[in-house]
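When you get a sec, could you build the whole thing from the sequences and use the hints?
Those protein sequence lines, which keep their order, are chains A and B.
Numbering-wise (this note's numbering), the first sequence opens with residue 1 and increments by one.
Numbering-wise (this note's numbering), the second sequence opens with residue 1 and increments by one.
Derived from the structure by calculation, the hints contain no laboratory data.
No experiment lies behind these values; they were computed from the predicted model shown.
Among the hints, erroneous ones may be present.
Because identical chains share one entry, a pair is satisfied inside a single copy or across any pair of copies.
[To be verified] In silico DMTMM-like cross-links for lysine to aspartate or glutamate, where the CA-CA straight-line distance does not exceed 20 Å: (1) K59 with D144; (2) K143 with D293; (3) K59 with D109; (4) K143 with D60; (5) K248 with D273.
Number of protein chains: 2
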Amino acid sequence: MPTGLLFNHAVIIGAGLIGSSLARALRENGLASKIGGYDQSPDNLARALELGVIDWAAKDFAEVVSNADLIIVATPLGAISDVFEQIDAHVTPGVIIIDVGSAKGAVVDAAASCSKHNHIVPCHPVAGTEQSGPDAGFAALFKDRWCIITPLDRPAPEYQAAVEKVSALWRGVGSHVEMMDAAHHDLALAVTSHLPHLIAFTLVGAADDLETVSESEIIKYSAGGFRDFTRIAASDPVMWRDVFLNNKDAVLEVLGRFTEELSLLQRAIRWSDGEALEKIFARGSTIRRAIVDAGQETEAPNFGRDTQK
Amino acid sequence: MPTGLLFNHAVIIGAGLIGSSLARALRENGLASKIGGYDQSPDNLARALELGVIDWAAKDFAEVVSNADLIIVATPLGAISDVFEQIDAHVTPGVIIIDVGSAKGAVVDAAASCSKHNHIVPCHPVAGTEQSGPDAGFAALFKDRWCIITPLDRPAPEYQAAVEKVSALWRGVGSHVEMMDAAHHDLALAVTSHLPHLIAFTLVGAADDLETVSESEIIKYSAGGFRDFTRIAASDPVMWRDVFLNNKDAVLEVLGRFTEELSLLQRAIRWSDGEALEKIFARGSTIRRAIVDAGQETEAPNFGRDTQK
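What follows is the structure, given as structure tokens:
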């Protein structure tokens, strides 16, 4: 293989935001020489081909796995177990299979029932936008973002080599790589991603239900804070349904913590306890600064300033 | 006065984000010929003068009001009542006084005890960033944003003329103007601004309290959704303390609605009710699209895309 090339033939299953972005990133960074694709939706698949995101489109699973040395499962979490089974029925031993699901315990469990001669490496690139579909993808999505790998418990040298190769893949598309066990991943992401989405969906839903404030008012005055929530509340409903179904315990745990904190604030408001409110509110800027300093925030610090003449 | 000029001599009380932005916007749009300032913090006041945001700095309230035909009260809400009293003790009859507070019932109440020969016009420009202080202000902050005016119940033609002049001021700095009563304002903003801030402060606080997930992990994986909340959770704690103390009833009401909705989602997760989750989640993108279409969102639709290669 030419220098830099990691895979001869990669195939994405699921040509949505993440799958199509990773295909673009593999190509742009010269990490795979040929890229195929499969999608449950014939429209998505045709569009990915038209956009040049993939070189060829598979018509079934047997075709997906023929000759591939990397299979990227980029479906919603709920489909991963079935997809693993299908791959398992057709795959050549030794192929590397990665997924990009936002919860990892369920993926590790699904992998356990697959034959051991396939190298399944569960991954979670912590990156995304509120858009979906093949048109929404872009090669730089993973740049400067973290990708978490939760390897299976397989000490075999071939499996460890596969994990190393997958790490090189993510570094090759610009990500930082971290390894951890699936349970810790699921808890950390429940805090940093799943709960924020749940809260955003809830807030948008609650606003939608009010009969005293019109939708047009909500839109007009959204610059007061509401709009910050709508970006993530516009994310793919099916993807997020599956995240919550597959990371129930951790989400319910951090949700409990959130609810406790919210009750404290509610009480402080009811009793006009200004001191307690100010103390709780003061914590926000420290963590914001840390996020901006760590390069995990790409917005201009003065939101809206960009648009001034 | 030259064409376009609305005021001869404006004075801002409070040279923070909103006050200093409005001073800049008045100057840039040629709406006031001279701009003075006063701030409880001598540092803020000196800085505003140094930046050229104001032409002169007042040393006390008597000086603030001398010769001004427009007084802009841009302090945290908790100070407004005192500031009105001070102005009232010194002001020349007929001057126009506006505030920019985020809750309006409390301002209307405070105005009621002031002498009737001053024209107090309560305003709320629905615009802001998470920054504070005179350096954070910029003239375009109000452009394409809504400003809500909640006029006092004073049918006198001089008062109505003052309200008209204040509307012209906000249109002059690029805002759309809407009139409503203070109670409706406080409910609408509880939904679109106060509750979102409360939730963001709560989420950031809850994450800060977890012993199982480290702060460095929260920062690393914040691109998963958490960072969207940290922008508004970094807002000025004193300003927000005062908002909640001054809009208690409306905030507690919408918070109740939010908590109900959250319980529904929690139940759907606990019982693995995917259908209910998907249905609730699907509402988000509709409202997001409406906000983007209405020009109330200035971010690139593909968050992060700007930074690619």
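Evaluated hints:
1. K59 with D144: neither (35 Å within a copy, 49 Å between copies)
2. K143 with D293: For K143 and D293, only the intra-copy Cα distance (16 Å) is at most 20 Å; the inter-copy one is 29 Å.
3. K59 with D109: neither (28 Å within a copy, 70 Å between copies)
4. K143 with D60: neither (32 Å within a copy, 53 Å between copies)
5. K248 with D273: Only across copies: K248 and D273 sit 11 Å apart there, 35 Å inside one copy, limit 20 Å.
Of the numbered hints stated above, those contradicted by the structure are hints 1, 3, 4, listed in ascending order.
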